[in-house]
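Chains as they are written, first to last, in the working numbering: chain A, 1 to 96; chain B, 1 to 96; chain C, 1 to 313.
Hint data in this document are derived by calculation from the structure and do not stem from the laboratory.
All values reported here derive from a predicted model rather than from experimental measurement.
Every residue, glycine too, gets a C-beta built ideally from N, C-alpha and C.
You may find that some hints are simply not true.
[Claimed, not checked] Here's a subset of chain C near chain B, in silico, CB distances under 10 Å, partners left out:
#1 Ser2
#2 Val33
#3 Gly287
[Said to hold, decoys possible] Some chain A residues flagged as far from chain C (calculated, every beta-carbon gap over 10 Å):
#4 Lys42
#5 Ala78
#6 Gln84
#7 Leu85
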Amino acid sequence: MSIGSDIITIAAVSAGAFFFLAGTVGLLRFPDTLTRLHALTKADNLGLGLVIAGLLPQADSLREGLKLVSIWLLGLLAGATVSQLIARTARQDEAR
Amino acid sequence: MNEFLTAAVGLILGTLALGLVSILRGPGEIDRMMATQLIGTGGIAALLLLGTVTSVPAAVDVALTLALLATFASIAFVKKGLSKLDADGTGPTENQ
Amino acid sequence: MSISTVFEIVLAAVVLGLAIWTTAVRDTYSATVGFVAYGLLVALVWVRLDAVDVALTEAAIGGGLGGVLLLTAAARLRDSGFTAAEAPGTVTKAAALTASVLTAASLAGAVLLLPDAAPTLAPKVIANAWATGMANPVTNVLMAFRSMDTMLEKVVLLLAIIGVWSLAPNDAWGGRPGPRHQADPDGVLVFLARLLPPIGIVVGIYILWTGANHPGGAFQGGAILASMWLLAIMAGLTDTPPVCRRWVRYILIAGPGVFLVVGLGGLWLGAAFLAYPPALAKPLIVGIEVAMTLTVAATLGLLLAGVPERSAR
Numbered sequence: 001m002s003i004g005s006d007i008i009t010i011a012a013v014s015a016g017a018f019f020f021l022a023g024t025v026g027l028l029r030f031p032d033t034l035t036r037l038h039a040l041t042k043a044d045n046l047g048l049g050l051v052i053a054g055l056l057p058q059a060d061s062l063r064e065g066l067k068l069v070s071i072w073l074l075g076l077l078a079g080a081t082v083s084q085l086i087a088r089t090a091r092q093d094e095a096r
Numbered sequence: 001m002n003e004f005l006t007a008a009v010g011l012i013l014g015t016l017a018l019g020l021v022s023i024l025r026g027p028g029e030i031d032r033m034m035a036t037q038l039i040g041t042g043g044i045a046a047l048l049l050l051g052t053v054t055s056v057p058a059a060v061d062v063a064l065t066l067a068l069l070a071t072f073a074s075i076a077f078v079k080k081g082l083s084k085l086d087a088d089g090t091g092p093t094e095n096q
Numbered sequence: 001m002s003i004s005t006v007f008e009i010v011l012a013a014v015v016l017g018l019a020i021w022t023t024a025v026r027d028t029y030s031a032t033v034g035f036v037a038y039g040l041l042v043a044l045v046w047v048r049l050d051a052v053d054v055a056l057t058e059a060a061i062g063g064g065l066g067g068v069l070l071l072t073a074a075a076r077l078r079d080s081g082f083t084a085a086e087a088p089g090t091v092t093k094a095a096a097l098t099a100s101v102l103t104a105a106s107l108a109g110a111v112l113l114l115p116d117a118a119p120t121l122a123p124k125v126i127a128n129a130w131a132t133g134m135a136n137p138v139t140n141v142l143m144a145f146r147s148m149d150t151m152l153e154k155v156v157l158l159l160a161i162i163g164v165w166s167l168a169p170n171d172a173w174g175g176r177p178g179p180r181h182q183a184d185p186d187g188v189l190v191f192l193a194r195l196l197p198p199i200g201i202v203v204g205i206y207i208l209w210t211g212a213n214h215p216g217g218a219f220q221g222g223a224i225l226a227s228m229w230l231l232a233i234m235a236g237l238t239d240t241p242p243v244c245r246r247w248v249r250y251i252l253i254a255g256p257g258v259f260l261v262v263g264l265g266g267l268w269l270g271a272a273f274l275a276y277p278p279a280l281a282k283p284l285i286v287g288i289e290v291a292m293t294l295t296v297a298a299t300l301g302l303l304l305a306g307v308p309e310r311s312a313r
């Protein structure tokens, strides 16, 4: 079980770090504000989600695991809302 | 495991540094705002990994607080508007 | 060179680079965004230094409230047409740079020149934790061993809010701070402002409660509660209260007031000002902390709401 959870942790955290990297590169290289926003949300949701999924097997107790999951849900909520707000501001800027 | 997680934190930090380049460069304030959002989420991931590496379980609480409050700067930014003279983001900002 | 050393060097380099950029950039908005990002990264540094209470405060204040405060100020500057003629001159900037560099160098020197077993009172604090029955040494210091300082800090908060209110124009004296915010009632911001505050209130109370034995405490909890209130205000779901209202003022003085009453009780019934009888230490401290959390939440919220702009009618 310990080896299995270690493997899950390594795999998930690596994938999460990869998505963070991909999202940041996208943020730098994509041509348009909205496409950059898309890259940002990938880093936000998938990057954070995979890192947390990787840390769940290492959690000490159920309570800590629930805290980790709630952090992820809060991150999702915040990311979704802020993306919408930024996108509307960006569109309004273009319209001017 | 600890070395791997430390390397993961380092990688995510490097990613955040890349995102900082976007803050420096970002043609426009929206891009800087997006980079801040990325740093917020990346910071949460780095905090969680760091807490596991250094055995500081309370780092999860800091990550929870960050997850809760990370959007405030973005919301204030959207409300105050970019170069708008009306400092209040009223209806048109949201409902375009 | 181990991986953690490399990681620390990267972190320090990123934080320093961001700080230098934030100071050097010309545009105020960009500097504000840089400062918020800087706050988030410094929270990481605090956790690395094992100072989690400070990291909590940094995340709560620097990440959330500080960003809102600076952005509001930047918007105000932009609106009032701050011209380049009023910008500080080269001599002022050079003097500021010299002073900052000297301060940073002295601090760095002081830390680096500490003897290897740095003089510290931490073992004594931990040894005396039996007096309050709480395991978090930071809370013990704040609420028991140096409680006088904490009480005076809350009075300083009170002075700050009085200072902000005194800037109100005559016709808005005692009125509602800040503009009336509006947002599309079906929009995303209102959705967030309906969903997040209940969660935030639970988290804030949790942080207050867990401060007894783990990092946390009244100030961080109060800052989280203030942020949730501010979110509801910014989404137009509620309006700022007129500052002439009694209940507002009662909440603002609740924290230092309870502290003072307990302190005088200690003087009258016990050994000294702010002395807690050992059997009652924990309940008294918890009571003071609850009052302090409410006061901190109200004070921070009102400070960020701004100067009274609309008359109370």
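Review point. Where does the structure disagree with the numbered hints, that is, which hint numbers, in rising order?
Key: 3, 5, 6 and 7
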